[in-house]
Amino acid sequence: MLTKQRQSLLLERLAIDGRIVAKDLALELGLSDDTIRRDLRELASDGKLQRVHGGALPSAPAEADLDTRQQIASVSKQSVGKLAAALIKPKTVVILDGGTTTLQIVEHIPKNFVCTVVTHSPTIAVALKNHASIKVIMLGGVLYRHSMVNVGAVAIESTSHIRADTYFMGVTGVSIEEGLSTGDLEEAHIKRALSERAAETIVLASEEKLGAVSPYKIMPLEHACGIVLDGKGARPLVKKLKRLKLDVYINPA
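The letter at position 210 of the sequence shown is residue 197 when you use the working numbering, and the numbering goes up by one with no holes.
Treat the hints loosely; a few may be bogus.
What the hints assert, rightly or not - With a Cα cut of at most 20 Å, we get these calculated DMTMM-like pairs of lysine to aspartate or glutamate:
1. Lys78 / Glu187
2. Lys204 / Glu173
3. Lys227 / Asp4
4. Lys226 / Asp4
5. Lys35 / Glu187
Hints listed in this document are in silico derivations from the structure and should not be mistaken for laboratory results.
Based on the provided sequences and hints, a complete structural model is requested.
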């Protein structure tokens, strides 16, 4: 079997099964483990999958630039954002992450709603400009333009002064086995720091993030308190997520 044929087969199996176990596939195809691992390395370098221990998982499409990400699963993000916005209680302190899904939370918060929003995202802060009853606290740091969020030592130190009720975490990958992940190491650090400063962390998971993995792990899934899902295609995961003792918020549709 030619290299291109093998790699096409690997991608087909990944799309069907949701993961590749290198040793099992090598045995099935009568190939060496080294051959399969080499193919996985090449596919990973092309951004077509994410290598993990023992095989591979789908690569998160949400690692694209901000403008491109706004076009990915936009209906699913609107659904997640609307449901998440309804979870915010009046007069609480809420941390809003950066990202296109979190931006949908802002879109669905009533203009007269009263609360305090802490964010390290200039985009989120600006989006709240017409919410006159919401106090906005902006965390400083070095601007990471890919996601338009502040990161680095200053941003992490700033989190030490916050005690929030809820943190709505944006991610690029949600995997039962590999946990929550994102495409930048500094982002992973600031997300973890924000999670530690909130009484509860709720993950925002639009459809394209489910089962996907990015290079940098934020934390295991079970370290979150809840997860907001879009009903389309997410239902097979609900039982597994509840076994991790997560509160699952999902649209009935």
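Would the pair Lys78 and Glu187 pass a check requiring their Cα atoms to be no farther apart than 20 Å?
-> It holds: about 16 Å lies between the C-alpha atoms, which stays within 20 Å.
Would you mind confirming whether the straight-line C-alpha gap from Lys227 to Asp4 stays at or under 20 Å?
-> holds, 17 Å
Distance restraint between Lys35 and Glu187, which requires alpha-carbon spacing of 20 Å or less | violated, 34 Å
Given the hinted pair Lys226 and Asp4, is their alpha-carbon gap at most 20 Å?
-> holds, 18 Å
Are the Cα atoms of Lys204 and Glu173 separated by 20 Å or less?
-> holds, 11 Å
Of the numbered hints stated above, the single one contradicted by the structure is hint 5.
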